[in-house]
Amino acid sequence: MSQAPNLKESPSQTAGPYVHIGCTPNFVGISGVYEEDAGRGMLSDETKGERIHIRGRIFDGAGDIVKDGLIEIWQADAEGLYNSPDETRGTADPAFPGWGRQPTDLERGDFVFDTIRPGRVPASDGRMQAPHISLWIVARGINIGLSTRLYLADEAEANAQDPVLASIADPMRRETLLAVREGDGFVFDIRLQGDRETVFFDV
Amino acid sequence: MADSQKELGAAFNKRDRDWHPAADTPAYRSTILRSPKQKLVMLEQSLSETTGPVFGQNAIGALDHDLIQNFAQPGESPIGERIIVHGHILDENGRGVPNALLEVWQANAGGRYRHKNDSYLAPLDPNFGGCGRLLSDENGYYSFRTIKPGPYPWPNGGNDWRPAHIHYSLFGSGFAQRLITQIYFEGDPHIALCPILNSINDPKAIDQLVARLDMEHTVPMDIRAYRLNMILRGRDSTMFENRMEGN
Ligand SMILES: [Fe+2]
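Protein chains in written order, with my numbering: chain U, 1 to 203; chain L, 204 to 450.
In case anyone wonders, no lab produced these hints; they're calculated from the structure.
Beta carbons: idealized from backbone N, C-alpha and C, even for Gly.
Treat the hints with care, since some could be wrong.
Stated by the list, open to error - Subject to a maximum C-alpha distance of 30 Å in a straight line, what follows is the list of computed DSBU-like cross-link-like pairs (lysine-lysine):
(1) L:Lys-242 with U:Lys-8
(2) L:Lys-351 with L:Lys-407
(3) L:Lys-242 with U:Lys-48
(4) L:Lys-240 with U:Lys-67
(5) L:Lys-407 with U:Lys-67
(6) L:Lys-217 with U:Lys-48
(7) U:Lys-48 with L:Lys-319
(8) L:Lys-240 with U:Lys-8
(9) U:Lys-8 with L:Lys-319
(10) U:Lys-67 with L:Lys-319
(11) L:Lys-217 with L:Lys-242
(12) L:Lys-240 with L:Lys-217
Stated by the list, open to error - With beta-carbon atoms standing in for the labels, derived distance ranges:
(13) L:Met-424 with U:Gly-32: 45 to 51 Å
(14) L:Gly-390 with U:Gly-183: 54 to 60 Å
(15) L:Leu-327 with U:Met-172: 44 to 50 Å
(16) L:Arg-427 with U:Met-128: 39 to 45 Å
(17) U:Asp-110 with L:Gly-390: 41 to 47 Å
(18) L:Met-245 with U:Arg-89: 22 to 28 Å
(19) L:Leu-416 with U:Leu-106: 34 to 40 Å
(20) U:Met-172 with L:Ser-280: 56 to 62 Å
Claimed, not checked - If you want a taste of the chain U side facing chain L, the calculated C-beta under 7 Å gives, among others:
(21) Lys-8
(22) Ser-12
(23) Met-128
(24) Val-203
Extracted from the complex, chain U is given alone in its bound form:
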């Protein structure tokens, strides 16, 4: 039986429209404080794995593009290992942090991640999950950060076996988590509302 925790988590509040000041200050012209914005570059020449370019936009319920958002991603390396002390299955690629953070563009609203195709990671019951990237999204008007996952549409076989995708009853909704190949990369649009609302998770 699970014991009740004795403290309560600090309640969430919106990141507001000026999240960049704290999280990506150089991006909004506050230079000379931090050398670089944390999480903006995930790759170096030494990073192992297939480079993938992901871009997308966040849409609100009126179909307007969210231009004050911030997205963080967390993913395994090319071998499916996390660059984290809690990773017990092996040592992740030291040249790949696994964590990235990008603002949506202030004018156009698009976001871009240059990363690698993640390897497969087991679910808690040992079944293998399809390659995926965890996303956490904040913006003005979002009271508590939204958690979702990005899967790659070209991993059809692995996706068909993925227990998290399988837990989404409606196949139409499942599709909201698929990044589709377009040109030189993958496109992953996020819809906060509407008939193609992205699946968000209670993680």
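On the provided structure of chain U, position chain L with the ligand as indicated by the hints.
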């Protein structure tokens, strides 16, 4: 050993969504078009949720935690009330969280943000940037110096003013612990009036975001201190106990 494996990968306690604000709180108008309408899908945590990035001290500059100095011209300092904000970063099980990355951002003493989208009448302060960051110490304690931010008006359809607040972002050891919220200051009459803060239902939850004046850590003739503990999700404690017994 299977049990220690469990501790490392232990799942986090379920998030109490009634304690947090709901997604859709129409008195805060921006939530109307930005709140998902579908129910969240329950996700069984895997390593993808129980692991998270780790930040090293070498990523943090010597003045990053000092907003009084980190943007100021040499020999100058920002206008406003000098304050220390400090406290303990704990998980829900009451354990200090060491090495937690805390990032803060705020308006200056006049309530103006250094951001191209903020056009409030109050002037920018040439000596104040408004960002800071630090790692909690080995026991989970944090402390930073800043200028007390001013309240500011915001477009929400009426005469809405934010209470003085400092935004903060916190990392624990797992990505499922990610949290962004705000620090408020005790005694601020705007606390009771704010639609953003009152998106939280439980007064006890609101109280958990309000820093208290701390005369014990106030430095005479120099700077006042405010104290606030920050709480992150905890890992399922039954798994820790299993492990200790197993040892
Ligand atoms: Fe604010």
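Outcome of the hint check:
1. Of the pairs offered as hints, the one joining Lys-242 of chain L and Lys-8 of chain U holds, with about 23 Å between alpha carbons and a cut-off of 30 Å not exceeded.
2. In summary, the hint linking Lys-351 of chain L to Lys-407 of chain L is supported, as the alpha carbons are separated by about 24 Å, within the 30 Å threshold.
3. For the hint pairing Lys-242 of chain L with Lys-48 of chain U, the CA-to-CA distance comes to about 38 Å; that exceeds 30 Å, so the pair is violated.
4. This hinted pair checks out: Lys-240 of chain L and Lys-67 of chain U have alpha carbons roughly 21 Å apart, not beyond 30 Å.
5. Restraint check for Lys-407 of chain L and Lys-67 of chain U: the C-alpha separation of about 33 Å exceeds 30 Å, so the hint is violated.
6. As the CA atoms of Lys-217 of chain L and Lys-48 of chain U are separated by approximately 35 Å, the hinted pair breaks the 30 Å bound.
7. Using a Cα cut-off of 30 Å, the hinted pair Lys-48 of chain U and Lys-319 of chain L is violated, with the two alpha carbons roughly 38 Å apart.
8. At roughly 26 Å between alpha-carbon atoms, Lys-240 of chain L and Lys-8 of chain U fall within 30 Å of each other, so this suggested pair holds.
9. The suggested pairing of Lys-8 of chain U with Lys-319 of chain L is violated, with an alpha-carbon distance near 36 Å, which exceeds 30 Å.
10. Distance restraint check for Lys-67 of chain U and Lys-319 of chain L: the Cα-Cα separation of roughly 13 Å lies within the 30 Å cut-off, and the hinted pair is therefore satisfied.
11. Distance check on the hinted pair: Lys-217 of chain L and Lys-242 of chain L sit about 16 Å apart at the alpha-carbon level, within 30 Å; holds.
12. Note on Lys-240 of chain L and Lys-217 of chain L: the hinted pairing holds, with a Cα-Cα distance of about 21 Å set against a maximum of 30 Å.
13. Between Met-424 of chain L and Gly-32 of chain U the CB atoms are about 30 Å apart, so this pair departs from the stated range of 45 to 51 Å.
14. About 56 Å separates the C-beta atoms of Gly-390 of chain L and Gly-183 of chain U, a value consistent with the hinted range of 54 to 60 Å.
15. Against the hinted window of 44 to 50 Å, the Cβ-Cβ separation of Leu-327 of chain L and Met-172 of chain U comes to about 48 Å, which satisfies the hint.
16. A hinted range of 39 to 45 Å is violated for the C-beta pair Arg-427 of chain L and Met-128 of chain U, which are about 55 Å apart.
17. Remark: the range hint 41 to 47 Å for Asp-110 of chain U to Gly-390 of chain L is upheld by a beta-carbon distance near 43 Å.
18. The given range of 22 to 28 Å is respected by Met-245 of chain L and Arg-89 of chain U, whose C-beta atoms sit roughly 25 Å from each other.
19. The given range of 34 to 40 Å is respected by Leu-416 of chain L and Leu-106 of chain U, whose C-beta atoms sit roughly 37 Å from each other.
20. Distance hint check: the CB atoms of Met-172 of chain U and Ser-280 of chain L are about 57 Å apart, consistent with the given range 56 to 62 Å.
21. For Lys-8 of chain U, the shortest C-beta to C-beta distance to chain L is roughly 6 Å, which falls under 7 Å, so the interface hint holds.
22. For Ser-12 of chain U, the interface hint holds, the least distance from its beta-carbon to any beta-carbon of chain L being 5 Å, beneath 7 Å.
23. About 10 Å separates the beta-carbon of Met-128 of chain U from the nearest beta-carbon of chain L, more than 7 Å, and the hint is not met.
24. Proximity of Val-203 of chain U to chain L holds as hinted, the smallest CB-CB distance being about 5 Å (cut-off 7 Å).
Hint compliance for this structure: hints 3, 5, 6, 7, 9, 13, 16 and 23 are broken, all remaining hints hold.
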